[in-house]
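These are the residues of each chain, in order.
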Amino acid sequence: MLEVKNLQVKAEGKEILRGIDLTVNTGEVHAIMGPNGSGKSTLARALSGHPEYEVTGGTVLFEGRDLLEMDPDERAREGIFMAFQYPVEIAGVNNAYFLKAALNAKRKHHGQPELDAVEFMQLIREKAKDLDIDQGMLTRSVNEGFSGGEKKRNEIFQMSLLEPKLAILDETDSGLDIDALKVVSKGVNAMRSPERATIVVTHYQRLLDYIVPDFVHVLSGGRIVKSGGKELALELESKGYGWIDAA
Amino acid sequence: MAQLAEKLHPWVAEGRPAGGPRWLQDLRERGAATFTSLGFPTVRDEEWRYTNVAPIAAAEFQPASVATVGAAAVEALPYAGATALRLVVVNGRFAPELSRLAALPRGLRAGSLAAAINGDLQADSEMVQRYLGRLADFSSRAFAALNTAFIEDGAYVHVPDGVVLEEPLQILFVSAPGVPVVSHPRTLIVLGERSQARIVETYVGASDVQYFANAVTEVFVGESAVLDHYKVQQESDSAFHVGSMHVNAARSANFSSHSFSLGGKLVRNDALATLDGEGAEVTLNGLYLADGDRLVDNHTTIDHARAHCPSHEVYKGILGGRARAVFNGKIIVRQDAQKTDAKQTNRALLLTDDALINTKPQLEIFADDVKCTHGAAIGQLDDDAIFYLRARGLTFFEARDMLIHAFAGQILERVKVEPLRTALESELYARLARDLAEVDGK
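Heads up: the protein sequence lines correspond to chains X and V, in order.
Under this note's numbering, the first residue of the first sequence is numbered 1, with each subsequent residue one higher.
Under this note's numbering, the first residue of the second sequence is numbered 1, with each subsequent residue one higher.
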């Protein structure tokens, strides 16, 4: 599904990723771990097409197509979803209105009929229940005045609604208490299927107790320095990141 | 000085109304004399620092004569159908044949200011004599002085004590097509105790020639009365509009104003509200669109004269092209106005690099136990917000439209007259679409 080869990325003029190779197949969950500043979030943002991250080398294929040629919105409509580390507050844009626009943009792109208000409300009521999203959150402005946990739940809620092929979670666990973490994980696990894939970017192993990865990659200095199975995350948890750099 | 007077002479010498009661003749004379001694403001005047009215002073306008606009032309004007009750004023004169006032509640007076002055009903003439000119102090305001020199007709609304006007009433000021004229629309609104009303003042042009509308509105909101007021300014794109609204809110009165400025070449709106009784509450909100090479200047003054009064103010502007805008928000808290709670926010969104806004909050606080907050934010659309929306599948253009509509929506959503809000949205968004197409080089 996703083939990243020798990806190099600059942010604010500084070289952050120095050649990433990563292959994600359908049905897989990959965890990207690493110390602060290792480039984890840069990888997530570069894949989503953030304009402040400049790709200076390498290739990325998504379902065989050149991902780097696509605008961020085209990537989204094609089925890539990034759950933001810091979801943006958008004053004056009603959350439900925004979700409907996003969902219908995607449906239109895939030649499906757009949902009307009634169908849409039915759909989000169902999805909202699973993620502990109350009606109030739907009628408020996008993320405005949301607590940290509400913002992250709102991201996962959007994900469950948009049903992406590839979900990228950018430190979705940061700042979450254990209850919120469980809710978020439940949402992510509900999306796991043989047709989809997930990349989980996280600093801590804790999230991986709930979202069990098939592969774990450790990033350091802009490169993947170690890859392994889920047991690698546990090893990192007990030994810290120091031994990776030393290795 | 003599030279100045000579230059100003044509403005007050020709076509000035005569006749009427003695007090009115005196008022006009004082207006004319004050205007002649003040002259037009210049950019050396602090209140007009960023707004050069030389194009108005230099233009040659004829005083508006009696003019008519066809019924079909009026119906075709934006907002003409926004309310069932409608008082139409053409070139400053009440036009009964275009007005729809049959359904007014008993006792409520709405119609021609001239008729009220001349006393078709004695109670009206007493009311006008008592209130007209009381709020619109022109000692240092040249345009108000000029308007006063020309008081003859306009709109008069009196909502008696305890009367509730359920339907919104629109006062539609139309500048008629033809030669370039100056008109001086004058409005007097008096709300008795415990009365309630929604009043929309709309200024539009049925003309593409350059004209000048110089409006003055005085509003008295009696004890515990509630007035929801709208000013919609959508003059023709080549027109000049200078308008001032002077409000006095009595004890426990509630006055809210929503000002929308979408048209005109050079526009100055002054909104002045005095909280003149304990517990009075005033809201001044505004939304303006300045595009092309237009200039839109909003000056507001909220004068807290008594204790325990809250005031709220949110002004927002969208600027495109090479447009300029000015926002000056003055809040005065008098010595007696303890427990004042005043909030002011002013935001501007710049769609182009060439658009410019000068903005200034001005707080004059003489009491010590008060809460006053003000904030200004000027800038472009938030790149992070655009990216967030794009990351969910919306195109750049869809994301931008959504954010701009959200920006304007926070003022538009407070419009309680539904057809008016719909009309404002469609007029604003049509203009914005044009401006954005220009930005995109389409």
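Calculated directly from the structure, the hints in this document are not laboratory data.
Heads up, a few of these hints could be off.
Simulated coverage check for chain V against chain X, where a stretch passes if three residues somewhere in it have a Cβ under 8 Å from a Cβ of chain X [claimed, not checked]: (1) 360–373; (2) 384–393.
Quick list of the computed label-pair ranges, beta carbon to beta carbon [as the list claims (entries may be wrong)]: (3) X:E54 to V:G441: 46 to 54 Å; (4) X:G37 to V:A367: 34 to 42 Å; (5) X:G229 to V:E425: 35 to 43 Å; (6) X:G136 to V:S125: 35 to 43 Å; (7) X:I178 to V:D384: 51 to 59 Å; (8) V:T395 to X:K186: 27 to 35 Å; (9) X:N94 to V:E438: 26 to 34 Å.
This structure is a prediction, so every number in the text was calculated from the model and none was measured.
The C-beta atom is built at its ideal place from N, Cα and C for all residues, glycine as well.
Output the numbers, in ascending order, of every earlier hint that fails for this structure. 1, 3, 4, 5, 6 and 7
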